[in-house]
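Start from the sequences, fold in the hints, and give me the full structure.
Taken in order, these protein sequences are the chains called W and S. Per our numbering, residue 1 is the first one in the first sequence, and the count goes up by one each step. Per our numbering, residue 1001 is the first one in the second sequence, and the count goes up by one each step.
Because the hints were derived from the structure by calculation, they are not lab data. Each hint should be verified, as a subset may be incorrect.
[Unchecked claim] Think about it this way: if two alpha-carbon atoms lie no more than 20 Å apart in a straight line, the pair counts; the simulated SDA-like pairs of lysine to any residue are: (1) W/LYS18 x S/GLU1228; (2) S/LYS1018 x W/ASP149; (3) W/LYS286 x S/ARG1150; (4) S/LYS1255 x W/ASP149; (5) W/LYS18 x S/TYR1049; (6) S/LYS1018 x W/TYR49.
Number of protein chains: 2
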Amino acid sequence: MLYVIGLGLADERDVSTKGLEIIRRAERVYLESYTAVLLVDQQQLEAYYGRSVILADREMVESQSDEILADAHRIDVAFLVVGDPFSATTHTDLALRCRQHDPPIPTRTLPNASILTAVGATGLSLYNFGQTVSMVFFTDDWKPDSFYDRIAENNTLGLHTLVLLDIKVKEPDLKALARGKIIYEPPRFMSVAQCASQMVEVEETRQQSVCGKEKLAIGVARLGSDGERIVAGTLQELSDADLGPPLHSLVLCGKRMHEMEWEYAREFAIDREGFDRIWKRDYAGKV
Amino acid sequence: MLYVIGLGLADERDVSTKGLEIIRRAERVYLESYTAVLLVDQQQLEAYYGRSVILADREMVESQSDEILADAHRIDVAFLVVGDPFSATTHTDLALRCRQHDPPIPTRTLPNASILTAVGATGLSLYNFGQTVSMVFFTDDWKPDSFYDRIAENNTLGLHTLVLLDIKVKEPDLKALARGKIIYEPPRFMSVAQCASQMVEVEETRQQSVCGKEKLAIGVARLGSDGERIVAGTLQELSDADLGPPLHSLVLCGKRMHEMEWEYAREFAIDREGFDRIWKRDYAGKV
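Right under this line is the structure:
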């Protein structure tokens, strides 16, 4: 059996008690290590689980899944995923391979907390979210802006948009690679500030009033942990906000944002007066 | 401290190990018992947690929250919620009351699995969902159809819609009430079949091709448990499908449904040939 086990968002103790039992008895334990990370290191995880854990990077999951699935039709293999297993399509892909395996490998998924719902901590109603988008690190010559069209679509319905922020782990250093050396760059995690400023940058080009400086947004960091932080403000304000260590995410507020959502979210505002003024002027159900 | 602790979806062992520690040491433990239920009974929960649990019905949470919050500025109170704490706005409301309490009561939320993400088990990408809607039990003279407008909005963008199904627990028997007696009706949980047939019924009145008989949908039951069941088909087919005991939910597929989603979902089809034919004709990215 392949068990795909969600670990939740913060630390080693967010696993379910059922998940922990399976991890402790499984033959092999893998940890998917490239779409998200916990806020604690591998040693702390291994100490608590009482198991050593094999890190599964993108290459292993996408190209060497045979190794992960070896003998899983007769032994138990645990594949651990930070957050909820279905938040990344890669894991659907792994499940498809189990079905197509000869003999087929039975799979079982243990759901857990995901940023997609934990973001309710902002006070925004999960019923008022449209499609989720991703934001990647811009470079000088690569600034993909398809997120802009998705947010524009959500905006037509007045819905909030959750923006998931890029992380780069185990990225090869391209200059070293050109010299024939494989050196990995230090991991990078996009901050709320960088996301907000990239959004404003794209707005300046596209100019459809989708994510300009005065749009209201809420930045979140380390949700579900003791050090959780939530900051609300305009995209301009968030471009300068420091929410501390990763992981960060951002929600762009939709105009349907109703009074109870506002009442809750304004407590997190950098400038409460400004937040209230803009909410009353541009939001408050004005779709 | 008020701890709002998500219990996950299936049974007593879906709580996180961190959550379990808090439950075991808290002064009082409440279980929210009206927006969702676990698939196991209260005794099983209490036996595993090693604590007796106070059932908190809607009236207690909405009108007698003082009782729940009593002394919580100096002792630990655990408030357990099936699924994820933020999936119901009631809990945001409770957190607001903690802020306004004199002295303020610190709160901490432990996220957990939610149907909003566990629905990824269908193979549909969580990035392709629009707003979530609710479906209530129709009666002869009350058939609220605002869900129809929300789904129509999602449809314009080709997005999937998660439909959460009504549950009725501790509803007073109105006939007995008229005779001055309070008798509670047995709990009722909407099935995928009933939801699908209500959707088709409303389509017959509204006729905007939002949720007619030939629309593709996926019914899910008891997600995250051993007895999880997933069935795909037209709304017509799902109107006759029996997915067994609660809880059920339904996803109406959006036209943006891409090939990898289809490939995964078709495995659950009641009539695979028919499913493929309709997907190719009406879906496959045809927004």
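Structure-based check of each hint:
A hinted pair counts as satisfied when its Cα atoms are at most 20 Å apart, and W/LYS18 with S/GLU1228 qualifies at roughly 16 Å. A distance of roughly 40 Å separates the Cα atoms of S/LYS1018 and W/ASP149; the hinted pair therefore is violated under the 20 Å criterion. At most 20 Å may separate the alpha-carbon atoms for a hinted pair to count; W/LYS286 and S/ARG1150 meet this at roughly 16 Å. With a C-alpha separation of about 17 Å, the suggested pair S/LYS1255 and W/ASP149 falls inside the 20 Å cut-off, and the hint holds.
The straight-line distance between the Cα atoms of W/LYS18 and S/TYR1049 is roughly 13 Å, inside the 20 Å bound, and the hint therefore holds. Only pairs whose Cα atoms come within 20 Å are accepted, and S/LYS1018 paired with W/TYR49 is accepted, the gap being roughly 13 Å.
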